[in-house]
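> Chain by chain, the residues run as shown.
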Amino acid sequence: MGENIKINIQHLTRVEGHGNIVVDLKDGTLKTCNLEIVEAPRFFEGMLRGRSIFEAQHITSRICGICACGHTLASIQAAEDALGITPSPQTIKLRKLLLHMEILDSHILHIYLLAVPDLLGVKSFMPLIDTHNAVVRRALRLKKACNDVCNILVGRHVHPIRATIGGFTKLPTDYDLDLMLKQLTDLHEDLDETIELISTLEFPQFQRESEFVALVSDNGEYPLLSGNIGSTNGVRMNKSDYKKITNEYIVPHSSAKFTRLSQDSYAVGALARLNLNCGKLNPKAKETAEKLNLANGSNNPFLNTVAQAVECVHCLNDGIKIIEELKATGIDYKEEILVGANETSTITVKSGKGVGAVEVPRGVLFHAYETDETGRILNADIIVPTGQNLANIEADMRALIPTIRHKSEEEITLALEMLVRAYDPCISCSAHFLDVKFVNRRR
Amino acid sequence: MARPKVAFFDFSCCEGCQLQIANFGEPLLDILKLIEVVEFREVMSEKYAGTLDVAIIEGSINTTHAIERIKGIRDRSKVLIAMGSCATIGGVNGIKNAFPLNDIAEYVYGGDSEYFESIQTMSVHQVVKVDYFVHGCPIYPPEFVAVLKAVLMAVPYDVPDYPVCVECKLNGNVCMYDRGVTCLGPVTRAGCNAWCIGNGNICYGCRGMVSNPNEKGSIDVIRRYGLSMEHIINKLEMYNKCRELNPHG
Ligand code: SF4
Ligand code: SF4
Ligand code: SF4
Chain H
94 MGENIKINIQ HLTRVEGHGN IVVDLKDGTL KTCNLEIVEA PRFFEGMLRG RSIFEAQHIT
154 SRICGICACG HTLASIQAAE DALGITPSPQ TIKLRKLLLH MEILDSHILH IYLLAVPDLL
214 GVKSFMPLID THNAVVRRAL RLKKACNDVC NILVGRHVHP IRATIGGFTK LPTDYDLDLM
274 LKQLTDLHED LDETIELIST LEFPQFQRES EFVALVSDNG EYPLLSGNIG STNGVRMNKS
334 DYKKITNEYI VPHSSAKFTR LSQDSYAVGA LARLNLNCGK LNPKAKETAE KLNLANGSNN
394 PFLNTVAQAV ECVHCLNDGI KIIEELKATG IDYKEEILVG ANETSTITVK SGKGVGAVEV
454 PRGVLFHAYE TDETGRILNA DIIVPTGQNL ANIEADMRAL IPTIRHKSEE EITLALEMLV
514 RAYDPCISCS AHFLDVKFVN RRR
Chain Z
393 MARPKVAFFD FSCCEGCQLQ IANFGEPLLD ILKLIEVVEF REVMSEKYAG TLDVAIIEGS
453 INTTHAIERI KGIRDRSKVL IAMGSCATIG GVNGIKNAFP LNDIAEYVYG GDSEYFESIQ
513 TMSVHQVVKV DYFVHGCPIY PPEFVAVLKA VLMAVPYDVP DYPVCVECKL NGNVCMYDRG
573 VTCLGPVTRA GCNAWCIGNG NICYGCRGMV SNPNEKGSID VIRRYGLSME HIINKLEMYN
633 KCRELNPHG
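Taken in order, these protein sequences are the chains called H and Z. Letter by letter, the first sequence follows residues 94 to 536 of the working numbering. Letter by letter, the second sequence follows residues 393 to 641 of the working numbering.
Treat the hints loosely; a few may be bogus.
Said to hold, decoys possible - Lysine-lysine pairs mimicking DSBU-like chemistry, simulated, CA-CA at most 35 Å apart:
id, chain 1, residue 1, chain 2, residue 2
1, H, 189, Z, 561
2, H, 420, Z, 561
3, H, 379, H, 189
4, H, 500, H, 189
5, H, 427, H, 124
6, H, 216, Z, 561
7, H, 263, Z, 561
8, H, 263, Z, 541
9, H, 337, H, 427
10, H, 216, Z, 439
11, H, 189, H, 420
12, H, 379, H, 337
13, Z, 439, H, 427
14, Z, 561, H, 384
15, Z, 463, H, 336
16, H, 379, H, 124
17, H, 373, H, 384
For the record, the hints were derived by calculation from the structure and aren't laboratory data.
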């Protein structure tokens with residue numbers, strides 16, 4: 094296409110939520126290169142004001158169906174931090190298992206339903222039902238198994254019922270533990286085949302030096318549920334300083350707030366986690382990272398999908414390990430939590446501030462609350478992974494376009510869509526405070 | 393017979409209800425043999441502009457653009473299903489209606505709030521005619537299947553209009569009131585098999601209120617447990633705030 098390219102992709106498909114890509118290359122100069130977010134406003138932070146801190150998990154889980162458990166865990170962590178509650182070791186184990194299941198579930202959805210169709214050259218998984226029936230069946234099986242384990246663990250995956258401030262309203266029985274263990278061990282074969290599939294796919298070659306941000310820790314564990322915030326530029330901070338990391342700012346073409354740290358933008362997500370913590374993956378996942386050439390990290394954002402595959406192996410194997418440990422120690426049912434509309438009667442409330450920082454499928458997620466002495470929320474702040482990635486996606490698009498501008502309009506469009514999809518953006522969730530009125534909209 | 397053309401559309405929501413469908417697993421392929429999915433933006437790039445046999449709507453209506461869009465979809469759809477509480481009763485999106493609109497926009501956007509247009513949250517039937525309702529946040533998968541069957545056979549589906557307590561007692565749960573905490577089961581319509589109570593939690597009213605809630609009885613219970621009415625109304629507003637825009641909805 095050369096010197097003049099005009100691309101306007103409205104309602105980008107196969108991403109969660111609504112986004113548009115607008116590119117305007119005139120006489121060889123890039124005039125516009127925007128990822129517009131066009132989700133209707135939902136105002137979650139505003140809605141939380143005046144509500145009980147005990148309702149925060151229930152409400153914020155509804156920000157995103159895919160990351161419902163991630164929002165739940167970040168919200169609970171922030172609330173417990175504000176209330177001064179320390180979760181028990183058993184609770185922490187069960188929460189880690191829950192997080193593993195959500196990451197596995199979400200990555201499978203992204204790999205199979207959202208990313209693989211591009212790489213196989215079809216518009217969606219629908220045509221694959223005929224051409225690659227076994228692949229589709231495998232994806233649905235994997236997805237369902239994660240969902241079934243979540244059903245056992247927290248009642249359901251989309252808006253978990255049992256996970257709450259202080260612990261769980263109901264704990265798994267011995268039978269439940271056996272059932273979950275069987276579900277997960279049965280997945281090994283399907284996951285091995287998933288890795289095989291990934292190893293045969295060809296990802297676009299593209300490199301750009303990004304700053305990667307993820308939770309980091311000093312112990313040997315791959316940090317997902319807790320840790321400090323770290324970056325590949327050597328930044329390290331306590332989670333309570335999250336605002337110094339995210340530095341939110343508003344851009345006119347999209348009111349999902351953008352973020353920057355040491356550079357103009359940074360990336361979060363599976364690839365960021367791998368770039369910072371690859372050495373801490375469990376042995377099977379490390380092996381997979383080597384097989385897929387990711388053991389030394391990468392600057393190619395398209396490989397986020399591959400990093401997700403590596404994390405699938407980690408989450409499955411670590412999940413199995415947790416269940417085996419729980420089976421060995423037995424569950425202490427005295428820890429079951431009683432909640433109700435008058436929940437404040439069982440857990441003491443106080444005024445306070447708290448921050449939750451949790452690695453959810455798409456990257457690090459922050460929830461921060463401030464409460465009064467009756468446990469009512471005075472202020473709430475939620476920073477989602479996709480919001481943190483937006484500026485970086487635009488920077489990638491700006492770097493990518495000159496390298497592909499000789500290609501056809503269809504090819505450029507597809508490449509840009511694939512780039513955006515590689516980040517697995519969850520726009521409905523970055524759009525918890527979004528606009529619908531376009532300030533710079535190009536028709 | 394040609395398979396009915398079905399499209400999924402999402403408005404303001406978390407998209408969790410569509411995920412409930414994706415979680416059916418391999419049996420999903422059997423469902424897909426009965427219908428032809430022509431548009432489903434979240435998982436398909438294909439688009440379709442013709443007449444639809446069935447439109448499945450997820451999410452609530454809270455922008456003027458959304459009002460136009462849902463009217464357009466209604467015009468070209470023979471049957472319209474509202475799926476999930478966001479669509480059927482406004483759901484959690486309705487909490488926003490408790491605040492003055494410019495106040496809530498300013499809280500979230502600060503000085504930039506004038507960029508952002510927003511109107512009060514409405515459920516789908518508060519804007520266009522809805523033929524079938526699948527309540528819940530999220531939907532209860534067995535009920536979705538039941539509704540889909542009714543749609544395909546062109547018979548009505550009656551949403552249960554008795555309280556969650558009925559299903560809860562059938563399941564033999566210990567009542568939360570007997571455990572000393574308050575639950576919204578007595579005023580909430582059944583159909584979820586008392587999902588939350590079965591998992592040790594209380595009912596939050598996500599399926600909406602029964603058409604004739606025994607309000608007096610509930611108030612007695614609330615007094616007995618020393619809870620303030622304000623507290624309970626506040627709780628009910630978590631899902632049911634949009635109701636006041638249209639009390640018969
Ligand atoms: S009803 Fe609940 S689960 Fe369904 S889309 Fe709305 S918020 Fe999500
Ligand atoms: S626990 Fe709730 S739903 Fe069950 S019987 Fe008691 S009040 Fe009704
Ligand atoms: S028990 Fe209540 S809150 Fe839970 S799913 Fe049923 S209606 Fe919704």
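> Going back to the hint list, which numbers does this structure go against?
Per hint list: 4, 5, 6, 9, 13, 14, 15, 16 violated.
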